[in-house]
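Undergrad: I would like the entire structure built from these sequences, with the hints used as guidance.
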Amino acid sequence: MEDNSFNSLIPFGPQHPVLPEPIQIKLVLEDEKIISAEPAIGYVHRGLEKLAEKKDIHQSIYVVERICGICSFMHALCYCQGLEELTGTEVPPRARYLRTIWGELHRTHSHLLWLGLMADSYGFESLFYQCWRIREKVLDIMEATAGSRVIISANILGGVRRDIGPDMLGHIQKTAKEIADSLRDIEKVFLNDYTVCHRTQGIGILTKEEAYELGAVGPVLRASGVPQDVRSLGYAAYGELDFEPATETAGDSYARTKVRLKELRNALSLIIQAAEKIPEGEISVKLARKPEGETVSRLEQPRGECLYYIKANGTDVLSRVRVRTPTFANIPALLKMLPGHQLSALPVILLSIDPCISCTER
Amino acid sequence: MKLIQKAAGKSPWIIHYDCNSCNGCDIEILASLTPIYDAERFGVVNVGNPKHADILIVSGSVNYRSRRVLENIWREMPGPKVVIAVGACACTGGIFSDCYNIIGGVDKVLPVDIYVPGCAPKPEAILDAVVRATEKLVHKREELAARQAEHVAKLRAKDPKGGRNAEKQ
Numbered sequence: 628m629e630d631n632s633f634n635s636l637i638p639f640g641p642q643h644p645v646l647p648e649p650i651q652i653k654l655v656l657e658d659e660k661i662i663s664a665e666p667a668i669g670y671v672h673r674g675l676e677k678l679a680e681k682k683d684i685h686q687s688i689y690v691v692e693r694i695c696g697i698c699s700f701m702h703a704l705c706y707c708q709g710l711e712e713l714t715g716t717e718v719p720p721r722a723r724y725l726r727t728i729w730g731e732l733h734r735t736h737s738h739l740l741w742l743g744l745m746a747d748s749y750g751f752e753s754l755f756y757q758c759w760r761i762r763e764k765v766l767d768i769m770e771a772t773a774g775s776r777v778i779i780s781a782n783i784l785g786g787v788r789r790d791i792g793p794d795m796l797g798h799i800q801k802t803a804k805e806i807a808d809s810l811r812d813i814e815k816v817f818l819n820d821y822t823v824c825h826r827t828q829g830i831g832i833l834t835k836e837e838a839y840e841l842g843a844v845g846p847v848l849r850a851s852g853v854p855q856d857v858r859s860l861g862y863a864a865y866g867e868l869d870f871e872p873a874t875e876t877a878g879d880s881y882a883r884t885k886v887r888l889k890e891l892r893n894a895l896s897l898i899i900q901a902a903e904k905i906p907e908g909e910i911s912v913k914l915a916r917k918p919e920g921e922t923v924s925r926l927e928q929p930r931g932e933c934l935y936y937i938k939a940n941g942t943d944v945l946s947r948v949r950v951r952t953p954t955f956a957n958i959p960a961l962l963k964m965l966p967g968h969q970l971s972a973l974p975v976i977l978l979s980i981d982p983c984i985s986c987t988e989r
Numbered sequence: 652m653k654l655i656q657k658a659a660g661k662s663p664w665i666i667h668y669d670c671n672s673c674n675g676c677d678i679e680i681l682a683s684l685t686p687i688y689d690a691e692r693f694g695v696v697n698v699g700n701p702k703h704a705d706i707l708i709v710s711g712s713v714n715y716r717s718r719r720v721l722e723n724i725w726r727e728m729p730g731p732k733v734v735i736a737v738g739a740c741a742c743t744g745g746i747f748s749d750c751y752n753i754i755g756g757v758d759k760v761l762p763v764d765i766y767v768p769g770c771a772p773k774p775e776a777i778l779d780a781v782v783r784a785t786e787k788l789v790h791k792r793e794e795l796a797a798r799q800a801e802h803v804a805k806l807r808a809k810d811p812k813g814g815r816n817a818e819k820q
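Chains A and B, in that order, are what the protein sequence lines are. For the first sequence, my numbering gives the first residue as 628, with consecutive numbering after it. For the second sequence, my numbering gives the first residue as 652, with consecutive numbering after it.
There could be a bad hint or two in this list.
[What the hints assert, rightly or not] Taking lysine-lysine and the DSS-like style, the derived pairs with C-alpha atoms no more than 27 Å apart in a straight line are:
1. LYS815(A) x LYS889(A)
2. LYS677(A) x LYS904(A)
3. LYS661(B) x LYS805(B)
4. LYS682(A) x LYS657(B)
5. LYS801(A) x LYS904(A)
6. LYS732(B) x LYS653(B)
7. LYS809(B) x LYS787(B)
8. LYS773(B) x LYS804(A)
9. LYS661(B) x LYS681(A)
10. LYS682(A) x LYS904(A)
11. LYS913(A) x LYS681(A)
12. LYS805(B) x LYS657(B)
13. LYS804(A) x LYS815(A)
14. LYS653(A) x LYS702(B)
15. LYS759(B) x LYS677(A)
16. LYS805(B) x LYS653(B)
17. LYS759(B) x LYS805(B)
18. LYS815(A) x LYS764(A)
19. LYS801(A) x LYS815(A)
20. LYS661(B) x LYS764(A)
21. LYS773(B) x LYS801(A)
Honestly, the hints are just simulated from the structure, not real lab data.
TA: This is how it looks when you write it as structure tokens:
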């Protein structure tokens, strides 16, 4: 039989309805099948690592927060933890618990946001709206506790900027339970709906070995069966709270959805636990001395492991800040998943790694 | 023509481009479209094709690589069109204005009609901007219609029997 197939090159992005952010993926297609994919980035590059070297250590918190607006709290936390390690500052226990609560609130809102975008990627608009409706409850808490909805700027070096009162802690616990209840409805659709399963099951498979070798992080790695979660190291107050990394073994888009749904439940339970166990006391201390030396600080963001390398020279201005963000680590895995699939599966696979381009390019 | 003018104020379609932003403004723009704030009650629909859009919402400052994309999107939109700059970075460059890769606010590249300050601005502010942009869109359409009418009148005065343009009217 004569081979009538031909290759075509499709530039996907930078402006595309399914992409909330600009990234270009150059696709080589054989008919409708993806043969290879190559990313072209740089549309969101600002040069924030360099900017953090111009500002002093306290101002730089606001710079690193704006690496990514979705997980801004985590970026600031990672940076602060690094500097606290360099200066030998002991953070008060109440501050550690408050950081855990805000951190998990950020994870909750980020995962709900992702679930919505994922539903949108296969054209399920009402499900998208339902996820975002639930998410607003988390943002209301952020606004009530820190004064802003997305970039809350709650971290300072040596602790947190604001305290959360007992009334508010009660309200947070109540809301976390409400969200857990309303999760049950959307969970059903994501896990059992025929059409949704058809679009996600067996799509974008990443085996355990591939995930490990390509250096995937976060839910992408855990959905392939590697139970790796930086929270197990016990930074902030995670060492004193009960939690287990959520894992799946299938490694497809469905498994990644399932892992994030489990993590949502984990995050809500962590919020409730932390609000119960939170000790009384100070919420911040001054830095013990000027930072000197170099360190690597790690933590688990909603998208995976984030890594900060900080080098200080004994003054208020840092010599170097290097950020390795989770999406950057997941892009090789994404390129491994794409070949062999139909073009129509591309949005689902792309969204399944939860890409955060402004993190990637800084 | 009058019907189109009347309808224009009722259903402005928007296109959103994340120019160089940190995502903070983008998720607030999306939040203003979703149930709690619900911009769709004003007939606002988020579209992916610039050729269908009346209002361009830009978040984030402009860098050397995204500049071309932004200009292309703006050029592909049919006139009259309105540009909204959402967020401190889109207005002036904000915290990023010292960065080496940043040109500045959106107004360095495009004519901006409405500025929404804040980092990140609340959905209420974005909704307000969209409503004002709609008013501006109606105004711009009226101006355009008036200019067209003036042009036709001039042609009629020059050639009373009518050229092609005059015949159509």
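Undergrad: Sort out whether LYS815(A) lies within 27 Å of LYS804(A), counting only the CA atoms.
TA: holds, 18 Å
Undergrad: Quickly compare the C-alpha distance for LYS661(B) and LYS805(B) to 27 Å and report which way the hint goes.
TA: violated, 32 Å
Undergrad: Mind checking the alpha carbons of LYS677(A) and LYS904(A) for me, to see if they're no more than 27 Å apart?
TA: Not OK: LYS677(A) and LYS904(A) at ~40 Å, beyond 27 Å, violated.
Undergrad: LYS801(A) and LYS904(A) were given as a pair; does the straight-line alpha-carbon distance stay at or below 27 Å?
TA: holds, 15 Å
Undergrad: Can you confirm whether the C-alpha distance between LYS732(B) and LYS653(B) stays at or below 27 Å?
TA: holds, 18 Å
Undergrad: Does LYS804(A) sit within 27 Å of LYS773(B), going by the straight-line distance between their CA atoms?
TA: OK: LYS773(B) and LYS804(A) at ~26 Å, within 27 Å.
Undergrad: Given the hint that LYS759(B) pairs with LYS677(A), test it: the Cα-Cα distance must not exceed 27 Å.
TA: Holds - the C-alpha atoms of LYS677(A) and LYS759(B) are around 23 Å apart, at most 27 Å.
Undergrad: Taking 27 Å as the top limit, are the C-alpha atoms of LYS805(B) and LYS657(B) close enough?
TA: holds, 26 Å
Undergrad: Measure nothing beyond the straight line between the CA atoms of LYS913(A) and LYS681(A); if it is 27 Å or shorter, mark the hint as holding.
TA: holds, 22 Å
Undergrad: For the pair supplied as a hint, LYS759(B) and LYS805(B), confirm whether the alpha-carbon distance does not exceed 27 Å.
TA: Violated, at roughly 36 Å.
Undergrad: Can you confirm whether the C-alpha distance between LYS682(A) and LYS657(B) stays at or below 27 Å?
TA: Distance ~52 Å between LYS682(A) and LYS657(B) Cα, so the pair is violated.
Undergrad: Quick one, are LYS815(A) and LYS889(A) close enough, alpha carbons at most 27 Å?
TA: holds, 13 Å
In summary, the numbered hints that this structure violates are 2, 3, 4, 7, 9, 10, 17 and 20.
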